[in-house]
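Following my numbering, the numbering of the sequence shown begins with 55 at its first residue and continues without gaps.
Where hints are given, some of them may not hold.
Stated by the list, open to error - Across the chosen pairs, the derived CB separations fall in these ranges:
1. Asp98 <-> Gly192: 18 to 26 Å
2. Gly192 <-> Glu142: 29 to 37 Å
3. Lys105 <-> His204: 17 to 25 Å
4. Ser164 <-> Gly203: 24 to 32 Å
5. Ala87 <-> Thr194: 27 to 35 Å
6. Gly178 <-> Lys127: 29 to 37 Å
7. Leu139 <-> Val196: 33 to 41 Å
8. Glu95 <-> Glu142: 32 to 40 Å
9. Phe104 <-> Thr167: 32 to 40 Å
Unchecked claim - Restricting the straight-line Cα-Cα distance to at most 27 Å, the calculated cross-link-like pairs of lysine-lysine (DSSO-like) are:
10. Lys106 <-> Lys166
11. Lys202 <-> Lys166
12. Lys105 <-> Lys133
13. Lys171 <-> Lys137
14. Lys113 <-> Lys127
15. Lys202 <-> Lys133
Please keep in mind that the hints were generated in silico from the structure rather than gathered at the bench. Heads up, the beta-carbon is just placed ideally off N, CA and C, and yes, glycines get one too.
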Amino acid sequence: MKKQVLIAFALLLLAVFPATTVNHAFPAASADAIVGKWLNEEKDGAVEIFKKGNNFYGKLVWLQKGPNTVDEKNPDTSKRSRKLLGTEILQNFSFSGTQWNNGTIYDPKSGKTYSCKMWLNNDGSLSIRGYIGISLIGRTTVWTRPAKGHPSIQ
C-alpha cells in the first residue's frame, strides 16, 4: 500500500511541476531584444550581449571592483591571472520564440560554468537561469538595463 501511495505521489509531482515550471507566460520577443548592456542583480558588473552568427554571447564590460580584477576562481589555473573585463561569460545561446536556450554562463565569483537559458520579463528585465542537468534544479537571477549616466555606459 505504501509503495502505491509513493508511486501515485511521484506521478502527481511529475504532472504538476512541469506545468508550473515550463509554461511561463513569457512576452513575445524578437531575437535581438537582449542585445546591449545589462547590469547583474548585485549591480557590481555589466555584461554586453551581442550576436555572433546565429547565436548570442555576452562579455563583461564593467566591474565595480575595477578594470584590473582577475579571474582568480577559474578552475583552469593558467587563466587565473587574466583580467575579467572582456571575458565571454555567456556563450552559444540560440533564440526560440520567447527564450534564448542551449547556452552556458560562467560565474566568475565561483569559477563554475552552468547550462543556461534566458528570457525577457514584462518589465523589460532579463531573467537568467543557470542550472546543472535540468533547469528545474538551478537558480534564476534578474538583470536590468543600466540607467543613463551609469559608469558601464561610458
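We went through each hint and held it up to the structure:
For the hinted restraint 18 to 26 Å between aspartate 98 and glycine 192, the CB-CB distance of approximately 21 Å keeps it satisfied. Distance hint check for glycine 192 and glutamate 142: the Cβ-Cβ separation is about 20 Å, which falls outside the suggested range of 29 to 37 Å. Against the hinted window of 17 to 25 Å, the Cβ-Cβ separation of lysine 105 and histidine 204 comes to about 23 Å, which satisfies the hint. The given range of 24 to 32 Å is respected by serine 164 and glycine 203, whose C-beta atoms sit roughly 31 Å from each other.
The hinted range of 27 to 35 Å is not satisfied by alanine 87 and threonine 194, whose Cβ atoms lie roughly 18 Å apart. Judged by the Cβ atoms, the range 29 to 37 Å given for glycine 178 and lysine 127 holds: they are separated by roughly 31 Å. Roughly 23 Å separates the CB atoms of leucine 139 and valine 196, a value that falls outside the hinted 33 to 41 Å. Distance hint check for glutamate 95 and glutamate 142: the Cβ-Cβ separation is about 19 Å, which falls outside the suggested range of 32 to 40 Å.
Against the hinted window of 32 to 40 Å, the Cβ-Cβ separation of phenylalanine 104 and threonine 167 comes to about 19 Å, which falls outside the hint. As the CA atoms of lysine 106 and lysine 166 are separated by approximately 23 Å, the hinted pair is consistent with the 27 Å bound. At most 27 Å may separate the alpha-carbon atoms for a hinted pair to count; lysine 202 and lysine 166 exceed this at roughly 32 Å. Pair hint lysine 105 plus lysine 133 holds up; C-alpha atoms about 25 Å apart against a cutoff of 27 Å.
Our distance criterion of 27 Å between C-alpha atoms is met by lysine 171 and lysine 137, whose separation comes to about 26 Å. About 17 Å separates the Cα atoms of lysine 113 and lysine 127, which keeps this hinted pair within 27 Å; it holds. A hinted pair counts as satisfied when its Cα atoms are at most 27 Å apart, and lysine 202 with lysine 133 does not qualify at roughly 33 Å.
The structure fails hints 2, 5, 7, 8, 9, 11, 15 (numbered hints given earlier, in ascending order).
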